[in-house]
Amino acid sequence: MRKFLCCALLACAALPAAAQTVLYDKSRISCVSRQENVPVEAQFRKFTARIAFDPAKPETGKAQIEIDVGSFDIDNAEVNDMAKDKDWFNARAFPKATFTATGIRALGGGRFEARGPLSIKGKTLDVAAPFTYKPDAAGGVFDGAFTIKRLQYNIGEGAWKDTGTVADEVQIKFRIVVAAPPAKK
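Per our numbering, the sequence shown starts with residue 944, numbered consecutively.
Hints in this document: simulated from the structure, not taken from any laboratory. None of the values given here were measured: they were computed from a predicted structure. Be a bit skeptical, because a hint or two may be false.
As the list claims (entries may be wrong) - Below, simulated PhoX-like cross-link-like pairs (lysine-lysine); rule was C-alpha separation at most 25 angstroms, straight line:
1. 969 <-> 1039
2. 1027 <-> 1066
3. 1039 <-> 1092
4. 1039 <-> 1104
5. 1029 <-> 1039
6. 1000 <-> 1064
7. 1029 <-> 1005
8. 1092 <-> 1066
9. 1077 <-> 1092
10. 1064 <-> 989
11. 989 <-> 1116
12. 1066 <-> 1000
13. 1064 <-> 1077
14. 1029 <-> 1077
15. 1066 <-> 1039
16. 1027 <-> 989
17. 1029 <-> 969
To be verified - The calculated label-pair distances, taken between Cβ atoms and stated as ranges, are:
18. 1106 <-> 1078: 18 to 28 angstroms
19. 1019 <-> 999: 42 to 52 angstroms
20. 1075 <-> 1107: 31 to 41 angstroms
21. 1075 <-> 1039: 21 to 31 angstroms
22. 1088 <-> 1051: 43 to 53 angstroms
23. 989 <-> 1019: 13 to 23 angstroms
Using N, Cα and C, we set each Cβ at its ideal position, and we do this for glycine too.
Given these sequences and hints, build the entire structure.
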């Protein structure tokens, strides 16, 4: 009996915290690159996010973001199609970019940092994603941004490796809006 209870407790401890409901119509993930030194922003229209976060205990938080790279939209059909090609995202071979927070810590003043692997186009590197969290009666808002180097992920191959045309540094911006949890009865 004792062995059964220990196994049951361990199984419960391994379960992730309850995920918050993401309001996708109010949420956004985008990237800002510099093309010939002019900032250009594009949005990823399709993504999923599973987030369990308590600002009082950020270290227990979990997050996994999965972006459909084929949903890249810069308001130009020709560039959108080019972004899906092998030289850029290679959406056919690598349809998703993923980030999984392996650790979240408080930075103070409503600011936090999520750390974990970011996988794009078959390359995985650890990143730190600082963000703010603002709870409200309707739920809460996660706002953040971090910078990656696109060439580390082989984004922009061939002639596009030239950073004079498209800069190596790309800022990833996110705004994830979550609903308030259901009222307890």
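Going through the hints against the structure:
1. Restraint check for residue 969 and residue 1039: the C-alpha separation of about 21 angstroms stays at or below 25 angstroms, so the hint holds.
2. Distance restraint check for residue 1027 and residue 1066: the Cα-Cα separation of roughly 16 angstroms lies within the 25 angstroms cut-off, and the hinted pair is therefore satisfied.
3. With a C-alpha separation of about 18 angstroms, the suggested pair residue 1039 and residue 1092 falls inside the 25 angstroms cut-off, and the hint holds.
4. In summary, the hint linking residue 1039 to residue 1104 is supported, as the alpha carbons are separated by about 22 angstroms, within the 25 angstroms threshold.
5. Our distance criterion of 25 angstroms between C-alpha atoms is met by residue 1029 and residue 1039, whose separation comes to about 14 angstroms.
6. In summary, the hint linking residue 1000 to residue 1064 is not supported, as the alpha carbons are separated by about 33 angstroms, beyond the 25 angstroms threshold.
7. With a C-alpha separation of about 32 angstroms, the suggested pairing of residue 1029 with residue 1005 is violated against the 25 angstroms cut-off.
8. With a C-alpha separation of about 12 angstroms, the suggested pairing of residue 1092 with residue 1066 holds against the 25 angstroms cut-off.
9. Straight-line distance between C-alpha atoms of residue 1077 and residue 1092 comes to about 29 angstroms, which puts the hinted pair past the 25 angstroms bound.
10. A threshold of 25 angstroms between alpha carbons decides the hint, and for residue 1064 with residue 989 the separation of about 17 angstroms falls inside it, so the pair holds.
11. Restraint check for residue 989 and residue 1116: the C-alpha separation of about 14 angstroms stays at or below 25 angstroms, so the hint holds.
12. Proximity of residue 1066 to residue 1000 is assessed by CA-CA distance (about 31 angstroms); at most 25 angstroms being required, the pair is judged violated.
13. With a C-alpha separation of about 32 angstroms, the suggested pairing of residue 1064 with residue 1077 is violated against the 25 angstroms cut-off.
14. Taking the CA atoms of residue 1029 and residue 1077, the gap is about 39 angstroms. The hint is violated against a cut of 25 angstroms.
15. Between the alpha carbons of residue 1066 and residue 1039 the distance comes to roughly 12 angstroms, so the proposed pair stays at or under 25 angstroms and holds.
16. Taken as a hint, the residue 1027 and residue 989 pair is honoured in the structure, with Cα atoms around 14 angstroms apart against an allowance of 25 angstroms.
17. Between residue 1029 and residue 969 the alpha-carbon distance is near 31 angstroms, which puts this suggested pair outside the 25 angstroms criterion.
18. The given range of 18 to 28 angstroms is broken by residue 1106 and residue 1078, whose C-beta atoms sit roughly 40 angstroms from each other.
19. Hint check: residue 1019 to residue 999, Cβ distance near 44 angstroms, so the stated range 42 to 52 angstroms holds.
20. For the pair residue 1075 and residue 1107, the beta carbons lie near 34 angstroms from each other, so the given range of 31 to 41 angstroms is met.
21. Under the hint 21 to 31 angstroms, the C-beta atoms of residue 1075 and residue 1039, about 26 angstroms apart, fit the expected range.
22. Distance hint for residue 1088 and residue 1051: a CB-CB separation of about 18 angstroms, inconsistent with the stated range 43 to 53 angstroms.
23. Take residue 989 and residue 1019: their Cβ atoms lie about 18 angstroms apart, and the range 13 to 23 angstroms holds.
Comparing the model with each numbered hint stated earlier shows that hints 6, 7, 9, 12, 13, 14, 17, 18 and 22 do not hold.
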